[in-house]
Every structure is written in structure tokens, then in C-alpha cells.
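Student: Construct the entire structure; sequences and hints are all you get.
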Amino acid sequence: MDDHFKTIVIVVIASVLVGGVVLLICCSICINK
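According to our numbering, the sequence shown is numbered sequentially starting from 57.
These are calculated hints, taken from the structure and not from any lab test. Heads up, a few of these hints could be off.
Stated by the list, open to error - Taking CB as the label site, the calculated pair distances span:
hint, residue 1, residue 2, range
1, V68, N88, 42 to 50 Å
2, N88, V65, 33 to 41 Å
3, L80, H60, 40 to 48 Å
4, H60, K89, 39 to 47 Å
5, N88, D59, 37 to 45 Å
6, C86, D58, 36 to 44 Å
7, D59, K89, 43 to 51 Å
8, F61, I81, 38 to 46 Å
9, V65, C86, 42 to 50 Å
10, D58, K89, 40 to 48 Å
11, I64, I87, 30 to 38 Å
12, I87, D58, 25 to 33 Å
13, D59, I87, 27 to 35 Å
14, L79, D59, 29 to 37 Å
Ideal Cβ positions, reconstructed from N, Cα and C, are used throughout, including at glycine.
Tutor: This is the structure in C-alpha cells:
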């Protein structure tokens, strides 16, 4: 259970980081335009 829980936590954190990076890139493109 612990390993499975850790995997879920890692996936969630990775998703949040990727989402944040995508938002930053989109904002930068919008500002540049």
C-alpha cells in the first residue's frame, strides 16, 4: 500500500508541476503577443 500511495503522490506532484509549466508558457506567449 505504501509503495502504491507513494506512486500516486509522485504522479499527482508531477502533473501539478507540468500543469504549472504549461500555464507559464501559455501566459508568456499571450503576453508576448
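Student: Next, verify each hint and record whether it holds.
Tutor: Results for each hint:
{"no.": "1", "hint": "V68 <-> N88: 42 to 50 Å", "verdict": "violated, 31 Å"}
{"no.": "2", "hint": "N88 <-> V65: 33 to 41 Å", "verdict": "holds, 35 Å"}
{"no.": "3", "hint": "L80 <-> H60: 40 to 48 Å", "verdict": "violated, 31 Å"}
{"no.": "4", "hint": "H60 <-> K89: 39 to 47 Å", "verdict": "holds, 44 Å"}
{"no.": "5", "hint": "N88 <-> D59: 37 to 45 Å", "verdict": "holds, 43 Å"}
{"no.": "6", "hint": "C86 <-> D58: 36 to 44 Å", "verdict": "holds, 42 Å"}
{"no.": "7", "hint": "D59 <-> K89: 43 to 51 Å", "verdict": "holds, 45 Å"}
{"no.": "8", "hint": "F61 <-> I81: 38 to 46 Å", "verdict": "violated, 31 Å"}
{"no.": "9", "hint": "V65 <-> C86: 42 to 50 Å", "verdict": "violated, 32 Å"}
{"no.": "10", "hint": "D58 <-> K89: 40 to 48 Å", "verdict": "holds, 47 Å"}
{"no.": "11", "hint": "I64 <-> I87: 30 to 38 Å", "verdict": "holds, 35 Å"}
{"no.": "12", "hint": "I87 <-> D58: 25 to 33 Å", "verdict": "violated, 43 Å"}
{"no.": "13", "hint": "D59 <-> I87: 27 to 35 Å", "verdict": "violated, 42 Å"}
{"no.": "14", "hint": "L79 <-> D59: 29 to 37 Å", "verdict": "holds, 31 Å"}
Comparing the model with each numbered hint stated earlier shows that hints 1, 3, 8, 9, 12, 13 do not hold.
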